[in-house]
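Enquirer: Residue-level listing of the chains:
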Amino acid sequence: MRVTPVNAWHISAHVVVDPLPADWRERLAERLGQRPRRIGPFAELAMYGARLCLDAAEETTLPIGTALRIGSRLAPMAAARAIAEQSRTGLPMPFNFMQSQPSQMLAALSQQLAWQGDARFALCQDAHAALQLAQQDADASNGLLIGWIEEGQRTEWWRLIRKA
Amino acid sequence: MNEVYLAGRGLASALGPDLVSALVALGQGGVAPTRFEVAGGFSWPYYAMADDEADWMARACRIAQRVAAESGALAGPRTGPLFLCSSSLDMGALEDHSIFDGSDPNFPALVAGWLDWHGPVFAISTACTSSLNAVLSARSLIRHGHADHALVLGLELRNRVTVGGFGGMQLLSATRSLPFGAGRTGLVLGEAVAALHLSSRPARWRVAGGANVVDGKDPAGPVPGAVVAMCQQALGDSGVAASDIALIKPQAAGSPSGDAVEAQALRDVFGTLPALVSLKASIGHTLGASGAAELALLTACLESGVWPRVDYPLDATLNTPLAEQAPPRARHVLANILGFGGGHTAVVLEDGEA
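Line by line, the protein sequences are chains A and B. Residue 79 is where the first sequence starts when you use the numbering used here, and the numbers rise one by one after that. Residue -9 is where the second sequence starts when you use the numbering used here, and the numbers rise one by one after that.
By construction, these hints were calculated from the structure, which means they are not laboratory data. Computed from a prediction, not measured in an experiment: that's the story for all the values here.
Interface residues of chain B toward chain A, partial, derived using beta-carbon atoms under 8 angstroms: (1) Pro95; (2) Ala99; (3) Ser127; (4) Gly154; (5) Asn202; (6) Val204; (7) Lys207; (8) Ala219.
Just a sample of chain B residues kept apart from chain A, beta carbon distances all over 10 angstroms, derived: (9) Gly6; (10) Ala231; (11) Leu266.
Note that the Cβ used here is the ideal one computed from N, Cα and C, for glycine as well.
Turn these sequences into a full structure, and let the hints steer you where they fit.
Expert: Pasting the structure below:
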C-alpha cells in the first residue's frame, strides 16, 4: 500500500506487518510487559501496529498535538460475530458489545500510550482515500500516526511529521 | 481558506419524520419513549420512530433518502465526500435476516447508492462522537479546498444488539431520560437519521470550529480533563472566548456520573454558565447519529423559537439550569458530544443572523 505525503508532511517511520506472524499477540504482550485486558483482537492489533511504528520512529509515545487516525475496510469482526451470536441465542445483554465498537480501540491506544488527543476511526473500502483523508483532516496537528487494520490479516502504519 | 456553512439539514426521529413535524411535536411537549424488547423478556425505554415497516433495510433506505432530500444535499451535485456516521451500521438488517457474520462492508456504499451519491464514502464510527467528528473532517476538507460541499449522514436505527449492549453495561435508565435531572438513572437510547449538508457557500450558520479529544482513562464515560481540553480547544479553534458563547448544548445524557463530570468541567471552563439546552429528553441518545441529529434540531429550535420543555426537577447540586426558552441573539453556540470510547467532541456554530 502506498501513501503519498501531502502538503507539509514527511514520513518518519513506516511499518508493514503482512502477513501477521502467528505469535503476534505473544510479541505484543512481551512488548507491553503484560497481556492487554478487556479489549478485542481489533484493538490488540492496533496496539501492536502502533507500538511497532513508534518503536521504528524511536518514540515511546505520541507527542502532544499529534493526531491519530486509523482506518479499516471492516469493523471489528471477531467481536461483532460474538455479540451477534449472543444476541441470536437470546442473551439479552451481549458480553462483547464494547469490543465491537471501534472507538474502544481508540480508548485502549490512548490509555496504553498515556496520551490524550485527536483520534478518529473511519471505515472505507478505498484505503488510499482513507489515508488521504487522514492527512487532510489533521490540518491543525503537528504530527500524525496513521494506521490501517485488516483484522486477522495485516496492518500497516505511518508516522508523519510536519516539515519545518 | 474557505469558511464552512451549514447549507441544509434534515432529521427523522421519534419527534417525527422531518424537522417541521419535530418542531410541532416539540412545541406540544414532545413525545414519550416506548419500550424496546431485546431478548429474554427484557425491554428498555426507547425513542422509536413512528414507522412500523418491518424490513429494516427498506425502512433505512426510505428514511435516509427523505432526510438527505430535506437537507437539500440531493438538489445539487452529489460529488462531495459522504460521511456515514453510525455505531451500529446495518446491525438491524443482520438481525432481520439472522445473518451473524458481521456488518456488510459494502453497507456505506449501499447507502451512497440509495442517495445516488458519487463522492468518496467514509463511515465514521467513533461511537457517540461519530457525527461531530465527521463535521470536523468535512470542515477541514472544505476549508482547504479539497471539497466544496459534504454530506454528514448520521444513521442509527433500531437493533437489539445495541440496546442490549448498553443495557449489559448498566448504562440505561429503566424509566426515562433526565438530563441533569435530580432523579437521573441513565441513558435512554433512540433512533434517528440526520443529515447536515456542509458547504463553502455562505449560509446562516457557520461552522466556526471545534475539537476532538480522546482520553481512554474511562472507556465508558467522560474524563474531566478531557472535557476541559475539548472546550478550550474548540473555543481556540473557533477564535472565540468563553464569554462569547451564549448557549451550550451539553452531552447531558442523563448519566448519574457523566452529567456530573460534564457539569463540573463546564463550570471550570466557563465559570458562570451561559444558557444550557438538552435535547436527549426529546429524541433520546441517538449514538452515532446524535451529533448530527442534535445540531439539526438545535439550529431549527433557535430559528423557530420552539424550545424543549423541562418537566422534571433538575439536580440542584450540578447548578446547571436548563433554559426554558431560546436565548435571544445566541450568536455563538457550543455543542458537545461525549462518549463511550473516551471520545469528547465539540463544535462551535455561529449564527450570522444573531
